[in-house]
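K.L.:
Listed here are the chains, written in short residue letters.
Protein chains: 2
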Amino acid sequence: MRTPKLLTAVLLLNIVPTVCAQSTAGAAPQHHLLPVPASVRIEPGRLPIDKSFTVAVTQHRDARLLRGVARALLRLKARTGVEFSHEIKKDAAAATFTIQVSGPGEAVQSIAENESYSLRVAAQQATLKAATVVGALRGLETFLQLVERDASGAFLPLADIADQPRFPWRGLLIDVCRHWQPVEVIKRNLDAMAAVKLNVFHWHLSADQGFRIESRRFPKLHEFGSDGLYYTQEQVRDVVAYARDRGIRVVPEFDMPGHSTSWFVGDARYATAPGPYAIIREFGVFDATFDPTREEVYRFLDKFIGEMKSLFPDAYWHIGGDEVKSKQWDSSPAIAAFKKRRGLKDNEALQAWFNQRLSRILQKHNKRMVGWDEIFHSDLPKDTVVQSWRGQKSLGEGAKQGFHGILSAGYYLDAMQTSAFHYAVDPLPASSDLDPAAAGRILGGEVCMWGELITPENIDSRIWPRSAAIAERLWSPRSVADVSDMYRRLGRVSLQLEEVGLRHLSGPDAMLRRLAGTSDIEPLRELLRLVEPLSLGQRQRARRATQLTPLTTLGDIASPDAPARRDFSALVGAFLLDSSRDPGKRQALSREFQRWRELAAEIARLAASSPQLQDAAGVAATLTELAATGEEAVSFIGEGKTPPDGWTAAKLALLDRAAAPQGLVRFAVIPALRELVTSAGGSHPAAP
Amino acid sequence: MRTPKLLTAVLLLNIVPTVCAQSTAGAAPQHHLLPVPASVRIEPGRLPIDKSFTVAVTQHRDARLLRGVARALLRLKARTGVEFSHEIKKDAAAATFTIQVSGPGEAVQSIAENESYSLRVAAQQATLKAATVVGALRGLETFLQLVERDASGAFLPLADIADQPRFPWRGLLIDVCRHWQPVEVIKRNLDAMAAVKLNVFHWHLSADQGFRIESRRFPKLHEFGSDGLYYTQEQVRDVVAYARDRGIRVVPEFDMPGHSTSWFVGDARYATAPGPYAIIREFGVFDATFDPTREEVYRFLDKFIGEMKSLFPDAYWHIGGDEVKSKQWDSSPAIAAFKKRRGLKDNEALQAWFNQRLSRILQKHNKRMVGWDEIFHSDLPKDTVVQSWRGQKSLGEGAKQGFHGILSAGYYLDAMQTSAFHYAVDPLPASSDLDPAAAGRILGGEVCMWGELITPENIDSRIWPRSAAIAERLWSPRSVADVSDMYRRLGRVSLQLEEVGLRHLSGPDAMLRRLAGTSDIEPLRELLRLVEPLSLGQRQRARRATQLTPLTTLGDIASPDAPARRDFSALVGAFLLDSSRDPGKRQALSREFQRWRELAAEIARLAASSPQLQDAAGVAATLTELAATGEEAVSFIGEGKTPPDGWTAAKLALLDRAAAPQGLVRFAVIPALRELVTSAGGSHPAAP
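Note that the protein sequences, when read in sequence, are chains A and B.
For the first sequence, the working numbering assigns the number 1 to the initial residue and increments by one for each residue that follows.
For the second sequence, the working numbering assigns the number 1001 to the initial residue and increments by one for each residue that follows.
Isolated chain A (complex conformation):
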């Protein structure tokens, strides 16, 4: 993409003028598909969706496929308001939409499942073809994303699409341990995953802060380790079936040997130190570890996995393996003796020994092992998958040695980065030095939603819509990388995600009403356009949260990647690029700053009646300063004046202060303001 020099700088600052969104489209009809298919051509013309709309499933038919079609039809009806027949015909001749599937696909979906499909929309009929039910499910989501409406009705644009994923492993991890998430939260997120073609739900089921699944064989695990908040086996079966219905694999994670306190609350027999243990309420890395030196530990794990495997048909099993603290192992004379006897030189070697034992147990149960970077060891079977939270380098090293890998570094949602940031992270970037064989071992990636700061109320707004941008990175060709165009499509898909039950857009309002104790929340809603939640690290430094902390503050409600990050940047970008000094562009910015001032006053008023809005009062005070700074910069630039000595330095210092956490939020407008101040202080931009 060719851009003027200033615009390039602007883009580097993550300031994306919205004009870009149009420029890439040219004269060809735009589509709104996300992820972008491997091949897509949109043509002029339309296939109307009206009362006569009918669907036929003509070749392979099974219950899973028919349920998927029925769900798609319900969404199509709800969105278009058109009441067409709900009958699914068998005969293509009379149908508006024909679905041809060759067969059911794998009995247990694997990484080799064929997810490809083609979708052709002609003026009289649309045809979806797939080799498997999963492929058809992917195509149905594309079909739904294609639907358009205008005053004359609902329709599909004519289109020719051939699609398959770039990576076979496109996951979302949800940690249900640090905070509990009931089944309905999981289900609505599975629906959302399916909508953007993610295909692995990584269910993080045990941690220091909670053991979240019923064990009938070892009931003390969930009875003592969960505060009563766990999934029954019936519920787990239900979730796994629900996921399969949507073409999603479920990989359970039972983290060991560390992060394992909750296992030992009811029965400390398999821990290194005798206990007693209590569920951990803090977040971090804790002492509890399985004792890798005792045979009864492996007998227990064998039985435990033997029980659990009946719930999880997937070929993979995640053992965690991250962040093992040395303390318990170092202070046990028995372990010291064991290490000496076995020639294990350090705790890393001891963990590797544990993993090899575990690996053999998993092999016995026909499961392949997945673990975090720390499990990486040359003695493990080559079909072991290393999930990298450390980065592409670590991932690549594993692949070179023959291991499979999935990337999660760069996909941590609790870092509260933008969609653009995550979108730029590629499991296999163009710069990769892997040979084709090693590159083939990079299976894909996983979004990680860790549980420290999420509740059923705010989890959706943390995961979505950002995960949709990552889903595109993992599905679409590497060359699909236009950030502005991604945002254009993401805005639309985000609305559609509430259609499947997510609450990422409407949930924050309910939380704001409780926070403010009133339905008069408009000023707070406006403020949330300007601010974002802190990253986990920032938040914990600002005000340490535990499992018992109410997560109902402004920072828990604010959504990552706040709209102003781009909206306001676009205003600034347009103003700075405008060589003709169109007064409209200056006025638009001035109105924005004026609105910030008014908003600050309204928020100060609201804050006076609620102790929980004291944070907001502080934010409002800073906002007033930012508005004044912006006004001054605009005035200097607009009038072609040079600011007095020291002005730029003083204002940049002010912006640095304002960039720091304000209560439990941070401003999203600082990069653009910095650009404005810098421009005012330097030579003013000339025409491109």
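Hints in this document: simulated from the structure, not taken from any laboratory.
Every residue gets a Cβ at the ideal spot worked out from N, C-alpha and C, and that includes glycine.
Here are the computed lysine-lysine pairs in the DSSO-like style, where the Cα-Cα straight-line distance is at most 27 Å: (1) 90/A / 1220/B; (2) 1325/B / 1393/B; (3) 220/A / 1089/B; (4) 220/A / 1090/B; (5) 345/A / 382/A; (6) 325/A / 393/A; (7) 129/A / 90/A; (8) 51/A / 129/A; (9) 1051/B / 1089/B; (10) 1641/B / 1585/B; (11) 187/A / 1187/B; (12) 1339/B / 1382/B; (13) 1090/B / 1129/B; (14) 1129/B / 1051/B; (15) 89/A / 1220/B.
A short, non-exhaustive set of chain A residues, derived as facing chain B with CB atoms under 8 Å: (16) 79; (17) 81; (18) 83; (19) 149; (20) 150; (21) 154; (22) 513; (23) 514; (24) 519; (25) 548; (26) 552; (27) 553.
Which chain A residues stay away from chain B? Per the calculated CB distances, all over 10 Å, these: (28) 100; (29) 642; (30) 678.
Use these hints to put chain B onto chain A, whose structure you have.
P.N.:
Only chain B this time, still in chain A's reference frame:
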């Protein structure tokens, strides 16, 4: 309540100036409790809720009580943002809030369950006392409603409350047949019921349009009668346990002998006519009936009830019995012969005979019978409960003959009446002619949420907050009847209901975004302040819906009892009552009309891009006319001028037209506009 004469007229028109809300309170501290307790005194002073807050349960402790306390503490934490200990102590000495419960209460909650409690808040400690766990649960809800916040923090006002319900049966019927409602919808509504002290969930499980429960003994019932949308027995047990945890009884309804098509889809053996039958998609009264003349029908029902009773521990069992169509019985020679043999003179007598057989089966299974008005017959056991959809008169007649009764006439939510309307309906009004013994047989009432026009997306906004007003009618003393004060408290409780998971306030926004295909929904949100959904009858006349109709139009999104019904009426009331002709009051009205005009233009713009917003375009056109009418009336009144001949008649005719359905909504501002036009046309109001 003394009110000026015009204001009385205004009140009759359901025009309630908000100033009333203040006037009733006087100098005594206001409370926000809903339902109002039997006895309540609020005193100056406060008990702070801060980090040192602790709770003790000092006498009876059981798992149900401790879970209830834990839920209350979570809500208190979430609302106040205060992170206090989650430990529930046993020792009152150090606790801020002490809970003293004498015992568990009934093993199966009955209509005799003691629900009373007392709550005393002193400056150092609050004390909740109850005889039973259910009483304590009621008191915990009162405790949560008492919580206040100001800039200095969260606190309870000092208070002395002694409370018990007026009626023992305070129910909510949810029809899950005409549209399916998943378990999570039921659960969040159970939480909301508990929040306003409702205590019976009437689960309407079978109808022509669906058979919604798994029968292991007769699996064809749910397999063929439900489109796959039914509750498993596991789920039913879960819901019943969830309800019991909240002090709520669950009464199942299996409607018979009519409204029974779905029973016969898989197996028509017990129907009067041989079939085949298909699930009914239309709404109304249909032909299918059980055959009351064949013994195998009773053997089947005996076995069916025998299976189901293990899921429903409640003493009562609802047999429906409403709206039995004569067609099948009249065309069966076998039935004619049976009637003749038994001396049954008509189909009413035949139904009575059926009910008596059913009643004996229920007695065998230790269940008491409940049914709609139609089952009323002197031969039934006196512990039969008649649920009246016909009215207080029908209810009273039953009570005089010794039957128990519950009122539902006047509590039909699908009539889309206001909270004020329902609030005025009393199961035992002051005017009742029942003697004390008969009056004692009126057990209470039930809100009815029939399923024709509800989906999981909009059900909450139909049930809430209006059911909270009915809950107060059923719990509080009859004398608690100040409509303005009810609305004041209802507004606040409504916000708190989203705290327990309802979506009645935030759900509509998500639906609007889908309808409009954009996040730019502010004009539609504003419009929804002015309009309401149509009643079921109006809606079916305007555009007939079936089970297959997408319920995603403006009318499905609009909430009953639109805010403008009172807000705009207050503006009009204030203007009309203002003898001093304060220009501010006139300006406020003029600004309102100006805003209607702008709104109409914005909506016309949105409607141009969506076929589903064509309704809204029509509404916008009418809104422009209403604004002009209002402006003219205000101008005549404000300037003391008499309108030209014919003006009033013409404008009233216009208002009559505008009062009719507009698409699938209706305006809530017509009564107030009518008052304005009438005032402009008549003599202008003098000072009171």
